[in-house]
Structure formats: structure tokens, C-alpha cells
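Colleague: Residue numbers (UniProt numbering), protein chains in the order written: chain A, 1 to 87; chain B, 1 to 707.
Treat the hints as calculated values from the structure; they're not laboratory data. One or more of the hints may lead you astray.
[Unchecked claim] Partner residues aside, some chain B positions facing chain A, computed with beta carbon under 8 angstroms:
| no. | residue |
| --- | --- |
| 1 | E218 |
| 2 | Q223 |
| 3 | D225 |
Glycine included, C-beta positions come from ideal geometry on N, C-alpha and C.
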Amino acid sequence: MAVIELPRLCDRAAALALKGDLADTTGSEALPVDAGSVERMSMAMLQVLLAAHRNEPGIVLTARSPEFDRALAISGLTETFNTGAAA
Amino acid sequence: MNGIDIQAIFFDECEESLQAAEAGLDACKAGTQDSETINAIFRAVHSIKGGAGAFGYEALASYTHVFENLLGDVREGTVPVTSDLVDMLLLALDSLRDHVEAVRGGTAAPDDAAIKARLAEAHENVGKGGDTVAAAPAPAAAPAAVDMDDLDALLDDLLGPDPAPAASEARAEDSAGQAEDWALYVCPQAGAMDNGSEPLLWLRELVELGGACVKCDESVLPQIDELDPNEGYLAWTFTMPGSVEREKVADIFDFVGEQCLVLYGAEALNPPARARRVAAPEAKAPPAATAATATVSTKPAAAAPTPAPAAPAAQSIRIDLGKLDQLIDGVGELVIAQAMLAQRLSNEGLAHFEELAMLEGLVRDIQERAMAFRAQPISSVFSRVPRLLRELATSTGKHVKLVVAGETTELDKTVIERLSEPLTHLIRNAVDHGIESPEDRRAAGKDAEGTLTLSAEQRAGRIVIRIGDDGAGINREKVLAKAIEKGIVDPELHNLSDEEIDNLIFAPGFSTAAQVSSISGRGVGMDVVRQNVKELGGRITIESRPGQGTDFVLALPLTLAISDGMIVQVGDQSLVIPLTHVVESLSPTETEIKGMGRNIRMLNVRGQFLPIVPLRQLTGGTSPEEGLEQGVLVVVETERCGQAALLVDAIIDQRQFVIKSLDTHYRSVDGVAGATILGNGRVALIVDVDRLVLDLSKRPHAAAEAA
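Same shape as in the complex, but just chain B (with noise of 0.2 angstroms):
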């Protein structure tokens, strides 16, 4: 493993543990405010720290190191939890967002200058007034907001040659101004030695700054046979000069983490009962000796003071992404294998076999598990939202409250990568189009908070993703007229559906925005929204209540790679069409097929018209006419023209088909999605069957000056 390799784990690991604190300080501010909680926030922001101080990243560590002052004065519970200090340290986590992202894009760092300040205000307030650690446990005064207009004169204080004192050496001054001695207690766990760390260094480092061991505890060390030299037995109390930043101390023990227990002031006199720890059976310890010598083997580990990893953790391990993407390639290979070995059999007569059918449940289990591991919970995405509303409540005076459902629901890495964009975009336009001011809220009776919903399901093999607003709805007059004013729609047309208007909001170029915001508005996003989904093989649809709200839902595959699909007799060619856009297959009768112009044909289903797309305009063939009679009609349902029935010769099989690029291993072609290899070996192109349809609409004298 080279540097560029533990630098990617140390963001992979920033990005965990930015997670970690962002769900704890939102179960703060939901109430949840116990010392896990709060312990899980400081651990999160003091691991991006070590790591920050280890690669060298300056700005990164500085500021963390002003952040984790604040979080460790919560720990300890000088500085009260109030509402206002976790919206403080949502915003201080959004920096610290971007200062991680600045490291690992090699950018400049972001302006922290603000709300460094105000971290630092909060941290130096704590016990001003009060005497000391342990006298002085009274909320200090909460954090107030920082007037932007003395920043300055915050920057000189925390700048200044003459710093404010620090708060653990203000606490412990007494009356006559004269710092006292403090306590300081270092425990180390099992495993404080491992990866080289040597415990006596980091007390070696206490004594070059005047401290002095007054207290060795021993009282766990076992007997020789049962020792294990490499766990901690030993801890120490020592007394630190008054002189000496509690800060500084800290800072020994930054990159020891949680293998170390170390305790300031009050608490340090008063360390958790410690169990002992006897050497785990491979220590080559006869089991008749551990039973006979009770005594020792007192509690179990779990008893420690600090949380040991006494119970079996779900294990993980890293893989590097082009490996697992090679395993998931040699599962679409194997499906192809399988699926020519199953042609074949069924060639010789022989497809009816049972181990043939357990090699095909095989070869399925197989590939969905190579797919789950590339498989991650949504909550990664949904987890950026707060920060976005946060951002979006400062520009647009909208304070919009969050509503998440379903965030565990998992999907491809790769699918959640990309649906950051597509999904930033459309609750930007919730917030800033969908959701109404205050004022207009009050007077329509609503809550003047807004209320965005996002939820998440897996339903039919897709996963469903809504993202609602309680806004005022798609305002369809001004759509409308809108689009009749920029030449969207032919203004001679006036009937168009609730749904047909809805969408017109896709099409390029269209926005509603009497004003161009930097937030949305510019109207290429909703079309670029749009795009984006169908990239990833999904679909977008609007639901929209006038008064009540708007949702728009996506549809995405689970998978990039392996899909299912309907394969399909079209002259002598192969064709498959995504199951996901059919809805049924009929063979129609002579009534239900009716005349539209000259050259398009309609299909009468259920009293709905629709159009009639023969296939064999994909593979050459030219008159609609052709193979009417016998051929077979797929209903399909498409992105931007409703349902249409594709027109083939006959339907030959439904089965999973691996996903190969053609414009990788050929160029991009209209209204062929890809390429797949059948179970007979020969290539088979996938229908774009949105391009297709969407074609044949924008066309239909072109279809008939080829008829």
C-alpha cells in the first residue's frame, strides 16, 4: 500500500466519520444528548484531526483542533447543549465539509475565519467566572451568535500576542491569579501497543512538560504465566503544573485515539474501577490454569472502564473498487456463459434437467450478491440534505424542515455517485420554487416551515426515490403560457394534460423564474435533471397537487450492469427491450388497429390510442404496414411520450441480459441503448425505448416520406 492509497482511506474514513458527526449532532438537536452521542461527535472530528496532522494538512488540522476544543469542553459538559450551540456545530461541520473536500481536490482552503471565531468564543467562555474543573461544572454562557461587525476584533483576540488564557488554565486559576497544579490520569487499553505505540513515551512527554508521576497503578496486573506483554495493565496519575494547557496534553495524545483513557482535572482523581485482564486463550495459557486460578479471571471484558470491543463486531474489509469491478464483470460473464450453455442444452432437447436449473439459481444468487457488494445505503446522499437546507434557509429566508424515510434502502455505488447531482437540483428547485415564503404560507394556512419530504424504497426491482414539497404545487397556467412564449409548444395547442404540462418544466431552456437565482432558475437544470436520470437507466415523473405540493419520483435500476429484459424477434435480428418500460404484450385484432394519417397506426387499448412503433424501423425495415398482421404489439410505457406499443414478430424469451456499451466497443448509435450477448452467442441490441418513441412523434412525416 503506497502514500496516494492510505491518503484515499483517510478520505474514505473523513467522509465516515463526517457522517458519523452529522447524525449525531442531528440526534441532538432531536434531543438525543447523552455522552455516546456526544462521544461519537468528538471522536468523528478528532479522528479527521489526527489524520489531518499526519499527512501534514495544516489548515485541515488547525481547524479541527479549534472545533475539537469546543466539542471536548460538551464532552466534559462545561458548555450546556442547547439549540443554538448544535446549529452552531452543524455549521462549524459544513466547514469542515469543505475543508476536508479542498484537501482531497488540492484546492485553496475555504474561508473559516467566521465561524473559527465563534468556536473559539464558545470554547473560551466555558467556567468564565467559575474557579475550577471541578468546582465550576455550571453551564457557562451559551454560545451567543457572533456579531459579524466585531470579527475583527474576535481575530485579535484569538490571534493576538497576548491570548486569552485557555480555558482548562483559566478554570484552575485560584483567587490570587495564580494557576494550580492539575491531575491528569492515562490508562492504557488493550492494544495501546499495537502499530508501535509505546505508552511510556507518551509519558515521558508529560514529564518534559513538569508533569510527575504520583501514582503507578498496578492493581490488574496479573500473575507472570497469565500476562500478556502486549495489553496495558499499568495506569498512571500524574500532577501537571498549572502552567501547562490542558490542550498541550492533549495534543500527546492525539493520534492514540481510543486505545488510551486519559482523564483531566476532577476526573482524573476519580478513574472508572478497572477489571482485570487476563491473557486470551491462544496465549498458550492451559485452560486448567485459568480455571484454578479464579481470582484472576474476575469479569468479564466488557466490565472495562471504556467501552472494549467485548463483542463480536460486524467485520469489513476494504477492496479496491477495479477489483470488485472485475469480480462483478466475471459475474456478467458467467450469466452470458450460463445463459449459452442453457441455449445450447435446449438445442440438443436436453433444457429440461434439474441441474441445469440449479446451475441458473446459482449463477442468479451469485450475481445478486456480487451486486450487493457494490451496493450502499442511500442515507450517504440523503445525509448531504440538511447541509443543502441549511444553505438554502440562509439565501432564501425558507426554513424548510426534513422528513427522511427509507434511507437504508441500498443501491449501486455508482447509480448513488451519480444521483447526487440530479437530486441537489431538485430540492434546490423544491426549496426555492416549490415551497412558498412565510408569508405566503401563513396566508394559505400553512406552517409557515416548509416541510420537504425524501424517501426511498425498493419496490419491483427499482428503487423508487420521492422527493416532495408541501409548496404551492406546478402553477400550469404560467407553465403553459411559458412555454407557448419561448416556442416549447405549438400555441395553437391548448389541450394538453395536467401531466403533458407538468412535464413541459423538462424541456430545455424552460424555466418559470421571472428572476435568475444563483440557486436555480436558469432553466437548464430541470432538463439536465432529467437527463442525468435516464443516464442511469431511470425514469422521472411529476405528481403535482395545486395548493398542496409537488413530488417528483425517480425510478432507477439497482444495477447498471445486469438488468432484465424481454428479448424480441425483429426479421432475422435479436432485439431486447428493458423490462422496465414494458407493461404488457397483446396481439391485436384487426378493429383494434386504427388509421392515423396516412402512415401511423394506432392501437385501440382499452379505449387509449397509441401509437404504433414497428421495430423494423431498427433494423431497416421501412413500412409501418409490414408484419402488422402477425406480429406482436409490446405496450411500453416511455419517459416523455406516454405509452406507445412496439410492433415485433414475435416475443422469444424474458431473461436477465448483461449490459455491454456500444459506444465503447462501437460508437453511439439512435435508439439502440447498448448491446448484450444472447444465450445463442450472437449480439443483441438493446431498444432505447424512450429515443425511439420520442423519434417517431417528432417524425411522423419523415416515417412517411420512407414509407
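If we strip away everything but chain A, and leave its shape as in the complex, we get (with noise of 0.2 angstroms):
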């Protein structure tokens, strides 16, 4: 399966991106999604991971930066994620 790779600024403009992706895909396995390389987060982008870590079919993070781990833990979704994330 394609992983989805966020790029180093997710900002709005990847998260309405990211958004088109994600609503595009079809299947029934979690969607791996890239952050290994993610250097700025946003809320906006926050949001779009969340809602669609939340839905079917899920997302799975496959990687994550220093500064995508820093996001997700000022932000109190460190534990939301972890599951079925990996390391």
C-alpha cells in the first residue's frame, strides 16, 4: 500500500491537501502515513489526522520527527496516536 508521506511544513495548505488525499483513498486497511520528515505541525493538520485516525480505516503513523512527537505531546495526543502507530 502507498504510504502517505507528510512534508517538512504541514501547515493548512498540507492539511487541505492531505485532507483530499485521505478522503480520496479507498480500502479497508489503515492508511501508513509518513511524518519522519515533519519539521513544522499546525492545528489544521492535527485535525485532519485525528478525524481520519478516528474513522475507517484508520491511519497508521509509520515514522515520526522529533518536532511530530513534540506536536502530538503539547497537544495531549500522544496516547491517541501510539495506538497501532509505529515506533
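Reassemble the complex: the two chains are provided individually, in unrelated frames, and hints are given to aid placement.
Modeller: Next up, the structure:
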């Protein structure tokens, strides 16, 4: 399955683009998302990822950059994404 | 838009905020102390603080910070709204206005130490003796008036190396003196991410202060296809260490304004219920899908926890005044062009057809709408009066109640701006000279507190502003004696009417004040007041009733650009008499005209004799007798000389005219107020009725010599 790679700058524009990608995706398995390159996160991107994570088939994080982890930590979402996520 | 433009907007917004805060505090004083009123005051001061910080106006930012701290306490209900508190907040607002003016004018910041100390003290008194925010909503000590002798001590408290703990900190301390952690709720609203704002950065700053997220509320996050990434759906609850002051956290959200709901302490633990927001229809969500997911579209936006802009608000746009004036100039030219067209068609015998009437109606409509762009409510001037009265109460000891009516009446922006000075002077005079001291008032059987009434109304195409006091009225004997002493009137002249005596106070250099005060009584004011009003194309009259008070009545034009006038023919010249002066016109019979001396002719109008002023004097004619038999007399009302009759050859028309300054295009000419272009393309002079009649009354002998 194709991995969705998050860009370095996960701003509102990136969130909008990701929303479109995720909405177009079909299948029964969780979508792999690579957040290994993320250098800057935004609330918009967090919301898109969270919505995708909660909805079927969900997403699975295949990689996470320190900045991405930090964004999850400060927003209290680390545990949420740890479920089924790849370290 | 450059920095200067942005600063100009900031100052405009400051003015709006100051007015909003003053209106709110006035409402509080009148008994309306609901949360919406308090919030409006808080938002106004907060908004100024935000801008001041952004532009680096440190003194303003520092002052508003102290001001806002106390308002924050009021908003949370930890400081009760008492009459003393409102009075102090009004004084604080006056000082804030001074700060804004200082920044705008590039002058030194005002001395705010005393009021700042009072605000800080009131803020620091909050919860003293209480425990926590949640447990101690009991009213704190009312902000007692600060003993100014102890100001140094207060400043030491405020600025010393070991400042008293901030209110939140003080309240958060438990019995052992250990500061307890406290809760914080952060909920970005719709639009929180506009203008590049990023809520995650706020959270990061909270973490850097030692805060920790204990809960992320994702309950209103919609399904991904209904999610609008530009909207905020998440909310967070943080625990902040007790050592962190609430003010420090509030600073993080300084520039966020209403785009983020921030709650502290107990409130943070019980945030209001949130309603789901779904993407707007333009977010390309198919209507059918929205209808199908009934669970998503639950409540209207109005059910959101804070007032969301759900209702269609009145929209507005800021326009550079220069552009607006260009438009109005253009409309002026349009009025002239339309008049010229009408004239040309009339000459061709085509004056009466429907299209021309339609065009005339449209032009007048456009002109009225264009003028409305410049119209502002007079409340912007009236709103400054309470402060003036507070200052006057301090300096004169006279407490005056203000009654305002018609503050929504609109008039031209330029008129408003230039009205402020004469109005201020009239009010100072009313309090200083008009309203008696409390002792005298009691002795006269009046309420010790005087009343000043300000009213504005639109009447017959003019704005009538009345400034009335319930004082002693004008002491006419004293005024006449003073006028004789100063040589303003002839000592032999004792038969002046009451109105004429009242008008003597407008004479240059006149003052009855025994002692010149800093408030009024320099004897230059009333003359300048009348001059200012006249320059605005208006008139001022006095209505004084002994023992009951005095009213100054200002009649002002709605606009300075276009006016109505009577076009008259004098010799080969057309002249315009402003309609505001015209009382009536008549063709006199021989018996109605009487001579006075050799060269003055008087018109008998129903028993009243009016001097006849031949307008031929203005156009180069000499003899006052010339044209008297065939002419028409236009009776006019003047500012200083009562009524007079202007002699003209014929009345041509009555229409709107566009006022062009003669000073700008040529030079100032006595007896001429300006010029206009008539429908036939010719320039016509606008008669300065006051000046013309005044000149005649002053120079009867000169006229005689000329004859």
C-alpha cells in the first residue's frame, strides 16, 4: 500500500491537501502515514490526522519526527496516536 | 497599505474602543452591570493594549496592562461593581485617552502614576483573605480612594524588588503558603487560525511555562469529509504550576482576541458545552451528504460557547477620506452639469420633460447619499462631555448632571471635527458662569447638582444643537454695565433689548468674570465660539431666562459642500443668498418704505422697521435709492444685527448650489462668502449676509458719503 508522506511544513495548505488525499482513498486497511520529515506542525494538520485516525479504516504512523512527536505531546495526543502506531 | 496607514487604523480603532469603554462605564453607572457590558469594556481596553504592544508604544501598553488586570477581576466577578469603582475606572479611562492622544501626537506620555497605583491596588486587593479563585468569589474590598500622601508607598509596593504576589498567585496559595496548580482551558474558535495565528504555538508557550496538557477535547471534531482545516475543532485543558502568574499566561493570548476562549481556574474545569461546527457549504460538501449526516449538523452556530458571528452583522469598509472627498467633489460637478443642462434645455424651450425631472431627482439622490458617506453621529462629540464635566467638577467643585438627547443625529465629518472646540468652550462657560455654586443653588431652592442638557436634532435642513444649563441665567445688568465700561456699547444707549444685551457676550474682549480662571473668563472665548460657528456656515443664538438658565442654540448646515440658495439678479450680476438666512421676500409699496436720515431707508414689515441693504453696493452700484421702486426685498435673518431687507432687482431661482471657496481660487472679499457656478456656466458670488448687514450698520455715514 502506498505510504502517505507528510511534508516538512505541515501547515494549513498541507492539511487541506492531505484531507483531499485521505478522502479519495479507499480500502479496508489503515493508511500508512510517514511523519518522519515533519519539521513544523499545525493545528489544522493535527485535526486532519485525528479525524482520519478516528474514521475507518484509520491511519497508522510509520515514522515520526521529533517535532511531530513534540506537537503530539504538547497537544495531549501522544497516547491517541500510539494506538496501532509504528514506533 | 503601509505602516502609517496601519497606525492610522489603530488610532481609529482606539477612538472606537475608548468610546465603547466609556459607553460601557456610563451604562454601569446607570445600573446596567451585566456581563456583556463588562466584557465590552474589557475588550475595548484589551484591544488598545494589543495594538500598543504591536506598535511598541510601551507606556500605553504598560498602562493598559494595569487597567486590564483590574477589568479582568471585574469580569470574573471578584471585584464588585460599585459606584466608587466605576468613578475610578472612568478616571482611568480619561488617562487612557490621554495616553492614546500622546502616542498619536508624538508627545510625552501623561503622568499616570496616581491612577495606575489606584488600579494596581484595587487589583491586588482582590481575594485578600480568601483562598482560591473557586472558593473566594466573595466581594473583595472596594477600591478605596488612595491617600495621595501615601503615593510613594503605593509605588514602592508596585515597583519594588519584592512585589506583592499577583492576585492569581495570592488566591492560589493554600494555607501552608504553597501555590497550588491551577487549570486553564483553551478553545480556539472559528477563525482562530486566520491571519497566520497558530494555536499549537500558544500551547507550546504554555508548556514552556511549565504547563501540561491533561485533556484534549476532540468531541466536536467532525468526520474527515466534513472537516474544514481552517476551523478549530479541538480544545485543551492544561494544568499550570501555581508559581505561574495568570497575567503571564494571559499575555500569550494577548493578540488572539475573541478568536480563542480562554478560561482560568474553576471556570476552566467547567467549560461551556461545545456545539459541532461543520464545514460551510462552500467547502464543496455535497448538500445531500450534509442532509444525510443528521448527527453532524446538530445546532446552529449561535449555540457555540461564545458569541459567534452567526447573525449577519452590518458590514463596513474603511475608505481613505481623500478618496471620499474626490467622490463628493465629483458629485458637486455633477450637480453643476445637471443645472447647466437644465438651463440649456430651458433656453431651447425644452425645460419640461420627464427625463429631465428624473435626472434631477437622481442627481439629488446621489448627492444626498454621497453626503451621507461623510455623515457621522454627533455622539462622537457628545461622548467627550462626561469627561469634561468630571474635570470641571474637580476644578470648580460644581457637580453637574448631564442629560443628552439626539446623539444619533448625523452631520458632516468636518462639521463634527470643528464643532468640538466651540462646544467645549460653551460647556466650560455653562459650568463656570452659568451654573451656580451648590450653596447658591440651595439658597435659590434648586438641586445642589446642576444639570447640563445637550441635544441635537435635524430641523429644516439644518442641525440644531442646544447646550442648556439650569443656572442663574445671564445677568443682563452686569453684562450691559461691563459692555459700557469696556466701550463696547455707547454709554448713552440704554434701550437695548434683552436679546441684544445677551449678544454682547459675543463681543471681542468681553468678559464679566471678576477673575480670569483657567476654565473660562478670558473674554476671547465667546467671540471665537461665534466665529467658529459662523465659519461652519452656522449661527448661534442665546435664550436666557433669569434664575432658570441659559440655552445656547447652534444652527449648523448638514454639509459644507452643497447648500440651498436663492439666486437673485442685481444689475448684470447674479448673486446667491443662502436660503438659511432668508425669511421672506416681498415687493414693497411706497408707504412701507421710510427714510431714516438722508441715506438710510427702512422697510416697515408689519410694524417692524428693517434697514434696507441694496445689494448693488456689492456689485459696484452706489445709490441706496437705485432700483427701490422696481426691486424686490428679501428679508434676511442675521447673526448680530437681527433682520434686514436686501434689495435686489429680481429673484431668478431657488436651487442647490455647490460652494467653491473664493479664498482658494482668488482671495477673500468682504461681503462675499464664496462662489458657485450657475446653470448657465457663469460664476455667481454667494452673499455673506451677516457681514454685509453688519458693515452697513457700522458705516451708515460711509454709505451716505458714497451717495
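Colleague: Does the structure break any of the earlier hints, and which numbers would those be?
Modeller: none
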